[in-house]
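Q: Protein chains in written order, with the working numbering: chain A, 1 to 307; chain B, 1 to 252.
Do not rely on the hints blindly, as some may be mistaken.
[Unchecked claim] Using 20 Å as the maximum straight-line C-alpha spacing, the simulated SDA-like pairs for lysine to any residue come out as follows:
1. B:LYS65 / A:LEU176
2. A:LYS81 / A:MET1
3. B:LYS73 / A:LEU116
[Stated by the list, open to error] Reference excerpt, derived from the structure (chain A facing chain B, CB under 7 Å, subset only):
4. ALA63
5. LEU112
6. LEU291
7. MET303
[Unchecked claim] Negatives, chain B to chain A, calculated, CB over 10 Å:
8. LYS65
9. VAL66
10. ASN87
11. GLU102
12. TYR151
13. PRO180
14. GLY227
15. THR233
16. ALA247
Source of the hints: derived by calculation from the structure; they are not laboratory data. Backbone N, C-alpha and C define an ideal beta-carbon position, used for all residues, glycine too.
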Amino acid sequence: MQVYLPIAELSVDVLTILMLGGITGILSGMFGIGGGFLTTPMLIFIGVPPPVAVATSSNQIIAASISGFMTHWRRGNVDFKMGGLLLAGGLVGSGVGVWLFTLLKRVGQIDLVISLCYVGFLSLIGAMMLAESLKAISGASKPKKKTFGKLSKQKFFAFLPFKVTFTQSQLRMSALVPVIIGTLVGVLVSLMGVGGGFFMIPAMIYILGMPASMVVGTSLFQVTFVSANVTFLHAINTHTVDIMLALLLLIGASVGAQIGIRLGGKIRTEYLRVLLAVILLGVALKLGMNLLTQPDELYSISMELMP
Amino acid sequence: MRNFWCILALIIMMPCSAMAKPLVSDISSHSITINTAFEGTELMIFGARGQPGDIVVVVRGPRHKVTVRRKEKIWGVWVNREKEKYNNVPGFYTLASSRPFEEIRKSIYFRALGIGYDDAIRPAMPALDDKQLDVDKEVRKREFAHALLRYLRSEWLYSRAPTDVKFIGETLFKTTVPFPDNMPRGVYSAEVYLLDEGEVIGMQTIPIIVQKSGFDAFLYESAQEHGYLYGITAIALALFFGWGASAVFQRI
């Protein structure tokens, strides 16, 4: 069945979009990653304009992260003080990001920047994930305790003012650190239409030194509100949020996520993790090839109705 | 269709004084509504000429501001580099004539009026100014305009009408103009010209309103005009469904 997406200005097959949402949902349920990293490029591949893919993906991520956030909140796994500071940074960062997005769209470079960001980060994350999971499969190394970071960064950031105590995470550090991290991630999030868990979780563990139990819940708290902000800013600045597309995606994703959670508990995920890494690298390669090969049509046209 | 015959009857019964007008014409509908199921449509333009001559019908879409960009290879990556801007480009253009257009003697005003398949975007081109005649710039402007025309033709937005203007007897004429499903919304104009040896001796312009309707159009309009409300709705829907889905699945 075909459905017309009013903002993407494109007719798509409903099943294709539901399946796309479903697959990203399964992956997020299994591996605890948000689907944004796959949703956005896949949407671009089926012909959705990159700006619409990014903004709509942000909209869908709100739905994907709210339920996880609620669950973790109930269990007391959210450090609101830390999350709030990360969120404050995230709001500023996403504001800057959407402003940059609008600017790039006006000068006709947004498609390029989105693709470049994806090629860069997908290859990086894919390669890291592949290396890690191959190591886990071969059993060559036991997970070693990464204590070096925790100590060094506490000293490294010691000179910064505005010291705050985070009772839930049992940390004391300058409020500027989470605000700056939130800001940087916020910029990337609004350019790429991802939740930001990929950047946020490692930053929380290795830079902030937060306890593992608090990381996911706090990240989801931050992601929910930053994505809402990104969606809102895109809606008023770039007009690229497609509600119809977002709804189809999130229906698929919420069903997929539940399947993923159940599957994840039953089967060994190491091999699947290799598969996911390969998929990420494949998507990066495809996007990269699109940039490197000569396009069929060198000219691109944008038309705007004159008042 | 009934409309057509009514008007035809009116034209025929018109007193001679009205017939002194060199050209009378009308269109089968003054508006087109685009909804989800819209797959393009056809309108009939018809009329009567008061004296012999060729009939040329031009249907022109609403004016657009267009940016054409060209990709270039920079460090191995294809990047949008140079651009040209054009104003007043009609978003739709079609031409029908009573004889093959090439055979009709052209008025000197044709190019300025943008009459002629190849001159469709002529009014959007800057006038040649001798003082600032920069050959490179001019050549580039043309090259980019060619790419624009190629695009508009490939999208079926610019076309020659497949049927010519047909005469019924000596005075009555009619033609059918097809519109594709991707036609832009806005105010169109159907221009009917009566020509005698390259001179425009009669002309009539009929407006056509093209608007979107239905839920899709509502969403599109909301996104464009009421960004705040649209954004809040999008967020609320996502929260509601995200929350709802997890609540539902917790029970299963």
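Q: It remains to establish, for every hint, whether it holds in the given structure.
A: Hint by hint, here is what the structure shows:
1. B:LYS65 / A:LEU176: 45 Å, violated
2. A:LYS81 / A:MET1: This hinted pair is violated, its Cα atoms lying about 47 Å apart.
3. B:LYS73 / A:LEU116: Judged against 20 Å, a Cα distance of about 15 Å means the pair holds.
4. ALA63: Cβ of ALA63 of chain A sits 3 Å from chain B, so the hint holds.
5. LEU112: Result: holds, 6 Å to nearest chain B Cβ.
6. LEU291: 5 Å, holds
7. MET303: Result: holds, 4 Å to nearest chain B Cβ.
8. LYS65: 5 Å, violated
9. VAL66: Incorrect as stated: the minimum Cβ-Cβ distance to chain A is 5 Å, not above 10 Å.
10. ASN87: Contrary to the label, ASN87 of chain B does not stay out of reach of chain A, its closest Cβ about 7 Å off (not over 10 Å).
11. GLU102: About 28 Å separates GLU102 of chain B from the closest Cβ of chain A, which puts it past 10 Å; holds.
12. TYR151: Non-interface label on TYR151 of chain B violated, nearest chain A Cβ at 5 Å vs cutoff 10 Å.
13. PRO180: Holds, because the least Cβ-Cβ distance between PRO180 of chain B and chain A comes to about 14 Å, which exceeds 10 Å.
14. GLY227: At about 4 Å from chain A, GLY227 of chain B fails to clear the 10 Å cut-off, so the statement is violated.
15. THR233: Label violated. Min Cβ-Cβ 7 Å, cutoff 10 Å.
16. ALA247: Violated: least Cβ distance 8 Å, not greater than 10 Å.
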